[in-house]
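Novice: One letter stands for each residue in the lines below.
Number of protein chains: 2
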Amino acid sequence: MGAVKTKRMPRAVREQQMLDAAVRTFGRRGYMAASMDEIAELAGVSKPLVYLYLNSKDDLFTACIRREAAALVAAIRSAISTDLPADRQLWDGLRAFFVHTAEHPDAWSVLHLQARTHGERFAREVAAMREEIVAFVTGLIVAAARAAHRDPDLPEREVAGLAEALVGAAESLADWANATEGVTAREAVTTLMNFAWSGLSNLMAGNRTWSAPE
Amino acid sequence: MGAVKTKRMPRAVREQQMLDAAVRTFGRRGYMAASMDEIAELAGVSKPLVYLYLNSKDDLFTACIRREAAALVAAIRSAISTDLPADRQLWDGLRAFFVHTAEHPDAWSVLHLQARTHGERFAREVAAMREEIVAFVTGLIVAAARAAHRDPDLPEREVAGLAEALVGAAESLADWANATEGVTAREAVTTLMNFAWSGLSNLMAGNRTWSAPE
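Which chain is which? The protein sequence lines are A and B, in order. Counted the way the working numbering counts, the first sequence spans residues 1 to 214. Counted the way the working numbering counts, the second sequence spans residues 1 to 214.
The set of hints was computed from the structure by calculation and includes no laboratory data. Check the hints yourself; a few may be wrong.
Claimed, not checked - In silico DMTMM-like links for lysine to aspartate or glutamate, alpha-carbon gap of 20 Å or less:
#1 B:47 <-> B:20
#2 B:57 <-> B:20
#3 A:57 <-> A:41
#4 B:57 <-> A:120
#5 A:57 <-> A:15
#6 A:57 <-> B:20
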């Protein structure tokens, strides 16, 4: 009876359960140590069914990367109201990033540690997501500078550098927050904003606050 | 005659030539595409000699990572005078980081892209270097805050977060600077300092400049 019920579950639902189990296993054990047996057991299905649906460990891992990259980008985008000021959008987006990575530590481990550690094919998948996020942040910094009528001529290349710095700092902080007991998403985003905000604001105002010592 | 001369070259010198060729090849082609034939030819030695000295492609790659990690850490440390104020040490160290990664783009590619993309063993090698740098930066931020008699009680965990943010931003900017034509080390470090310095200074002074919107 139970078996019949199980068989009737739509393929799409089953695949999501397999991906849930796979993200958890890859994120916790690492790509190499994760076994298809464990993933199948955690998903409550047979191993042949995992292979039937997802083909191979490589393809399963790729499917995990794609699903989790899309989920992270969607979480950031959905937190942002485009009718709010750009600097507020930037804050809402950063907060959404830290909340999402804190709530889905296995997914973040897959995206930021595992995917980059196990070959160029997987690394390319996450590089595409990162480029999308950097482009999005670049646009927000430009919009924030323009909306404030501050420095409409902030050089494009400088903005690109700022976006890289901000994204790099956020990635590093998310790793650290997830690896450090008791650090919340709110603390992580507050640390980053305290670190970055006054510098960003100054730059948007056209002030270079800092000059090299002689 | 030439052959005799070549044979007399000390092993240590030859190994360094092989590592020079390997770093260049791994950095430009990527770990997978790099061939031992090409490395031997570039080093001006036979392929069997490369295997005799460095054992395998994996061991050669590990030797590259270790040498380049040590060189990067040494470049940062040697740029710093411990009798100068800590904030000046931080700037000198950051500048040395960007100068070194700009002057050795293949080495930076090996450390920050290749080593992390090709397996846990290599990733662990660079993780150790990164931890050393984060610990060093953490110490400088604490010292800078103390020396300025600003906020001796800056919470340890917040400093650790700041060091992670700063190192993550620097790594990301170094990748970007090397991938973007015409960006100099000076521009990269100035972008980072403009981005980060006022926030860091405010935090060291015990001011949280930024507060979350309601």
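Novice: Below or equal to 20 Å on CA atoms is what counts here, so check residue 47 of chain B against residue 20 of chain B.
Specialist: holds, 15 Å
Novice: What's the verdict on residue 57 of chain B and residue 120 of chain A, does the C-alpha distance respect the 20 Å limit or exceed it?
Specialist: Within the cut-off at roughly 17 Å; holds.
Novice: Is residue 57 of chain A within 20 Å of residue 15 of chain A, Cα to Cα?
Specialist: Within the cut-off at roughly 14 Å; holds.
Novice: Please work out if residue 57 of chain B and residue 20 of chain B have their alpha carbons no farther apart than 20 Å.
Specialist: Given that 20 Å is the threshold and the Cα spacing comes to 14 Å, the pair holds.
Novice: Quickly compare the C-alpha distance for residue 57 of chain A and residue 41 of chain A to 20 Å and report which way the hint goes.
Specialist: holds, 15 Å
Novice: Hinted pair, alpha-carbon criterion (20 Å max): residue 57 of chain A, residue 20 of chain B. Please report holds or violated.
Specialist: This hinted pair is violated, its Cα atoms lying about 36 Å apart.
In summary, the one numbered hint that this structure violates is 6.
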